[in-house]
Amino acid sequence: MKREIITNLFVVKFANVNGTGSASANRLFSKAVFRMGVPVSPKNIFPSNIQGLPTWYEVRINENGFLGRRGGIDVVVGMNPQSMERDIGELERGGYFVYDSSKPLDKKMLRDDIDYIGIPFTEICRTEYTDPRQQQLFRNVMYIGSLAALLNIEFDVLTGLITDQFKGKEKLIAPNVHALELGFKYAQEHFDCPIAFRVERRDNVGNKILIDGNSACGLGAVYGGATVSAWYPITPSTSVIDAFARYCRRFRVDPETGEKNFAIVQAEDELAAIGMVIGAAWNGARAFTATSGPGVSLMTEFLGLAYFAEVPTVLIDVQRAGPSTGMPTRTQQSDVLTCAYASHGDTRHICLYPSNPKECFEFTATALDLADRLQTPVIILSDLDLGMNDNMCDPLEWDDTRTYDRGKVFTAEDLDAMEKRFGRYLDVDGDGIPYRTYPGTHPTKGSFFTRGTSKDEYAVYTEAGEKYVANMDRLLRKWDTAKKLVPAPVIRKTKQPCTIGVVYFGTSEAPTLEALYHLEDLHGISLDSLGIKALPFADEIADFIEAHDYVFVVEQNRDAQMRSLLISEFDICPDQLVSLLHYDGSPITARQIRREIRDWILRTTTTPRRRGRK
Amino acid sequence: MSYAIPGFRHPNLPKNDLGFTTKDYEGAVSTLCAGCGHDSISAAIIEACFELSIPPHHVAKLSGIGCSSKTPTYFLGNSHGFNSVHGRMPAVATGANMANRDLIYIGVSGDGDTASIGMGQFVHSVRRNVDMVYICENNGVYGLTKGQDSATTDIGSKSKKGEPNAMEPIDLCSVALQLGATFVAQSFSGDKHQLVPLIQAAIAHRGFAFINVISPCVTFNNTPGSTKSYDFIRQHMASSNTVDFVPHAEEITTEYAPGTSTSVTMHDGSAINLQKMDPNLDIHSRRSALALMQEYKAQDKVLTGLLFVDEDSQDIHTTMNTTKTPLRALSEKELCPGSAALEKINQSLR
Ligand SMILES: Cc1ncc(C[n+]2csc(CCOP(=O)(O)OP(=O)(O)O)c2C)c(N)n1
Ligand code: SF4
Ligand SMILES: [Mg+2]
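Here the protein sequences line up with chains A and B, keeping their order.
According to our numbering, the first sequence is numbered sequentially starting from 1.
According to our numbering, the second sequence is numbered sequentially starting from 1001.
Calculated directly from the structure, the hints in this document are not laboratory data.
Remember, predicted model here, so these are calculated numbers, not experimental data.
Treat the hints with caution; some may be incorrect.
From chain A, some residues computed to sit far from chain B (all C-beta separations above 10 angstroms) [as the list claims (entries may be wrong)]:
#  : residue
1  : Gln51
2  : Glu92
3  : Lys169
4  : Val222
5  : Gly258
6  : Ile274
7  : Ile278
8  : Ala285
9  : Gly407
10 : Gly423
11 : Thr437
12 : Leu476
Derived SDA-like pairs (lysine to any residue); straight-line CA-CA distance at most 20 angstroms [said to hold, decoys possible]:
#  : chain 1 : residue 1 : chain 2 : residue 2
13 : A       : Lys484    : A       : Ala542
14 : A       : Lys445    : B       : Leu1018
15 : A       : Lys420    : A       : Asp400
16 : A       : Lys445    : B       : Ala1028
17 : B       : Lys1324   : A       : Asn261
18 : B       : Lys1324   : A       : Ser24
19 : B       : Lys1344   : A       : Ala245
20 : A       : Lys484    : A       : Phe570
21 : A       : Lys108    : A       : Glu90
22 : B       : Lys1146   : B       : Gly1162
23 : A       : Lys260    : B       : Leu1292
24 : A       : Lys493    : A       : Asp539
25 : B       : Lys1276   : B       : Leu1292
26 : B       : Lys1023   : A       : Lys260
27 : A       : Lys171    : A       : Pro120
28 : B       : Lys1324   : A       : Asp254
29 : A       : Lys208    : B       : Ser1348
30 : B       : Lys1333   : A       : Val253
31 : A       : Lys445    : B       : Gly1162
32 : A       : Lys171    : A       : Ser24
33 : B       : Lys1344   : A       : Gln165
34 : A       : Lys420    : A       : Thr441
35 : B       : Lys1344   : A       : Phe570
36 : A       : Lys484    : A       : Arg474
37 : A       : Lys208    : A       : Thr441
38 : B       : Lys1324   : A       : Val253
Built from N, CA and C at the ideal position, the CB exists for glycine as well.
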C-alpha cells in the first residue's frame, strides 16, 4: 500500500496499566518531540485508582502549534490487554497499532484498515533483566526506543533527556539508554522504519516551556508572596500545594537555620482549610488554598463570611467532573456558577479563568493582589486538563520592580495622624473599598470586630435595615471597582465585519481558536471571538455580544453555566447565546467545535431563524 | 444585662505596669441575659489581662457562634476580634496564628460550638498544639437557639424543656487529655479566684491551652434538675488544686505547708504555684488526670483546677520550624525569588 507521509501532524496514544511506572517514560516521549522543536500537547487520561486499571497518555504533535485535543488517534502504543479492543477501535483508518507481541494478538482484534507492529517487549525484558521490577520499568523505556525508530525521533535527544533526568544518579543513565537501544534496534531490524507518521526537527517552539498548570499556580503563589497555605487533599488540586511546597523548600528556607518563610497546614477538611486561610489573611498574611468541586461545596459557608466581613481569600479550584464524586479524574468546567455565587445570601465572587500555565502563574500572583486590594474572595478556576497536564506555553515572566499591592491598610502612624474616628467599613474613597488594620497595630486605636453579622460603618453590630442595605450596596460598588482591576477579555476580530461571534474561557481557548482557524481555512467562515478571563465581566463583553446577532458560548459542562452567568449578569436575551457544550470528562476537541459551528451556520442560513428582541 | 459598665470612673482607678486601668481592657456593654455565666468569664479574662499588663493590642480574640461566642465583643475592646462561623473558631485561630506567631490568641467557644458542630476542628487544633487559649463556656445547652440539649448535657440532666437527657455526654477535658493537649484545666464561671489565675497560666503556656469552664445558662438550664445549674455546681464542685499564677518578674511570696504544693515554671520564666487539694493528682500525668476525673464523676462530683500541664510543650511553629519573624511581616525581599530564578526554572522546563 502506497501511503502518504505525514510529518509532525498526528496523535499518538499510549495505553498503559495504572501504577506500572509508564508515566515517566511517556513524558520522555513528549519532551523529545518538544526538544526537536515541534509543538506537542500531552494529556493524561487516568482512572480514579492507584493500581491496575487502564490509563492513557494522548500526545498531539502539531507543528502549526495547535495544542487543544484534536480528536482521533493515529498511532496507539497498546501496552494494556484490558483496553486493547477499545484502543484499536479508536484508531483512524491508516493508523498503526504498536503492541507487545510476547503474546499473540486475538483474531478479533484485527482490522484491515490499520497496520500492526508487534514487538516482543516482555520477552526481550525477560531475557535481559532478572528483577521483575526492572523488567516492568525498562519495558516502558524500551517502547520509547522503538517509537524513536518508528517515528524518526532523534536518538541523541532521548539520551540527552535521560542524562538530564538522572543528574546526580548517573549510575542509572547507562541502563536506561541500553533499554532505549534495545527497543530502537528491534524496531529497526524488523520493520520498515520510519513509518508513515514522522517527527522531523523544526524551529517551532521558540523559547516556550512545558509545564502543568498546577505547578504554575504553586509557583505563582510563591512569587505572589503567599506565606500561609492550608489545604485538604483532593484530585486534581493536590499538586498545586505539592508545587507550592516544592518551590518554598527551594526558595524560602534559610540555608543556615533551616527556618521557613512559609507555613503549610494540611487541614482536617476543606472547611478548616478555608477557615485557616481566612484567619491568616485577616491577620495580614497572604494565604491561599486549593481544592476541587466537592471542597468548594464545603467551603461555601466560609466564603460568604469572607465576602460579607471583607477578608482577602484566595482559592484555586481545579475543576473536575461532578456532581458529587462524579468522575474525579476527568476534566470539566462545571463549577462556574457554584464559584460565582458561592454561599447563602447575596454573594458574588471574583473569578479568574486561566487558559494556560502562564496564566495560571500570573493569575495566582494577581489573585493575591486583587484579594488584598478588594478585600474579598478571589477564585481561580483551573481544571484537571490544565492543572495536571504539561502544557506548552510562553516562558513565565516576573518584573523585579513589581511590588505586592497590599491594598488599603492603616498603619499605627496613619491611626495616630487620624483626626476622625476609624471606620472599618467606611467608604472613604467612594470606590466601595474600606480601610482595614491588622491585629496588633496600635495599643488603643484601630481595633475592630470582624463578624458575619450585620454591622455599621464602624463595625458595630446593628440590625437596622438601612445600615444593612447601605453596606450591601457598598459591596456592589466594590464589585464595580473590581471590573476595572481584573484581567481584561481577549478580543479577536476578523477583517470583515461579521454577525456571529464565539465566546470561550479557560481550557476551551486552544481548541476554540484552532476551530476558528480551520473554519476559515476549510469552509471560508470567519468569526469574531472573545476569551473571558474574569468575573466581574468587563463591559467589553456586553458590547461584543451586543455587536453580534448570535454568539456561541463554548464550555465544558452540561448546563451551559457560563451562558447562564452572562445572561444573569448582563440581562441578555437568551436566544442570542448559542450553547456549544462538551461534558464527557475528556477535554473538548477542536473538531467538535468546528463541526458544530459549521453545521449550525449551514442550518441557520438555509432555514432562517428569528430571534426575539427585547 | 448582667454587667453594665457605669459611665463614671473613680479617678484613682488602679493602673497596671503599662499605666492602663481595667477600663482599657473592657469591651462593649454585654447583651447577654442578666446572670449569665458567660459574662463572669469575660470579667475574668479582663482581670487576667489587666493584671498581667498585657498590651491590649497584643491579643487577638476569636470565637464561633452562640451566646458564648458573642462575648469577645464584651471584653478587650482594644483588641481585634473575629466572630467567625459556628464551630469553626479553631481554624480561623490556627490561620491567624500562622500569620503572626507573636500575638496572644484567645479563642472562645460554647459547648454546642465545640462538642457538636465544631468537634472536628476542636480535636484537630488540640493535635496541632496551636499556641492559643481555648475557652469552652460550657452550659450544657444551646443558649442562642433557645434551650436544646447539647452534647455535654449529662445523662438525666433536665433543662427548662423538662425532658431528662438520655445520651452519654462528651467530656471535653478527657477528650483533650487523650488527644495530647498540653494544658488542660476545668473551672466554674462563678469561681473567679480559680479562673483568673488559670487563664493567666493558659496565656503563659506555649501551645494549646484548654479550659472547660462550666458557665450556667440562667434562662434555659438553671433548673433544679440540671447538672449545669449554679446550685448544682456549687454543691458538687471539687478542686484538685488552688492555682496561683506568678509572672516572672515577681517574687514568689505565698508559702504552703511542705509536701502540699508544687510549682511549675513556664517557658517564659513565669510560674504556676499549686496547692494540692487532692494528693492523687499528678499534673504531669495524663493518666492520673483521666483516672481522677472518672473517680470524681462516679461520686457525682465535678473536678476543677489545673488537671494537666506539659510546660516543655512545643507549639506548631516550633515543630514546623517557621521563621521567628511573623510571616505577615515578610516582604517581597524575603518572599519573591525574582526574575533570574524564574529564568532558571523556565530553562529547566524546556
Ligand atoms: C451552620 C449553623 N448552624 C446552626 C446555627 C444556629 N446556631 C447558632 S448558635 C447555636 C448553638 C450554640 O450553642 P453553644 O455553642 O453551646 O453556645 P451558647 O449559646 O450555649 O453559649 C446554633 C445551633 C448557626 N449559626 N450556624
Ligand atoms: S440564653 Fe443562656 S447562655 Fe444565652 S445569654 Fe441567656 S443565660 Fe446566657
Ligand atoms: Mg452552650
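Looking at Thr437/A again, its CB stays over 10 angstroms from all of chain B?
The claim is violated: Thr437/A sits with its nearest Cβ about 8 angstroms from chain B, within 10 angstroms.
Given the hint that Lys484/A pairs with Ala542/A, does the C-alpha gap stay at or below 20 angstroms?
OK: Lys484/A and Ala542/A at ~15 angstroms, within 20 angstroms.
Confirm or reject: Gly258/A is not an interface residue toward chain B, with every Cβ-Cβ distance exceeding 10 angstroms.
Since the minimum Cβ distance to chain B is about 6 angstroms, Gly258/A lies within 10 angstroms and the statement is violated.
Given the proposed pairing of Lys445/A with Gly1162/B, does the C-alpha separation stay at or below 20 angstroms?
The hint is violated at about 48 angstroms.
Is the claim that Gln51/A lies outside the interface with chain B correct, judged by CB distances over 10 angstroms?
29 angstroms, holds
Taking only the CA atoms, is the gap from Lys1324/B to Ser24/A under or equal to 20 angstroms?
Distance ~40 angstroms between Lys1324/B and Ser24/A Cα, so the pair is violated.
Satisfaction of hint between Asp539/A and Lys493/A, Cα-Cα up to 20 angstroms:
17 angstroms, holds
Lys171/A paired with Pro120/A [C-alpha distance capped at 20 angstroms]
Distance of about 27 angstroms is beyond 20 angstroms: violated.
Would the pair Lys445/A and Leu1018/B pass a check requiring their Cα atoms to be no farther apart than 20 angstroms?
Judged against 20 angstroms, a Cα distance of about 16 angstroms means the pair holds.
Lys1333/B and Val253/A were given as a pair; does the straight-line alpha-carbon distance stay at or below 20 angstroms?
13 angstroms, holds
Does Gly407/A sit more than 10 angstroms from chain B, CB to CB?
With a cut-off of 10 angstroms, Gly407/A remains clear of chain B, as the shortest Cβ separation is near 13 angstroms.
Pair hint outcome, Lys208/A versus Ser1348/B [Cα-Cα no greater than 20 angstroms]
Since the Cα atoms of Lys208/A and Ser1348/B sit roughly 11 angstroms apart, the hinted pair holds (cutoff 20 angstroms).
In the structure shown, a violation is registered for the earlier hints numbered 4, 5, 6, 7, 8, 11, 15, 18, 23, 26, 27, 31, 35 and 37, in ascending order.
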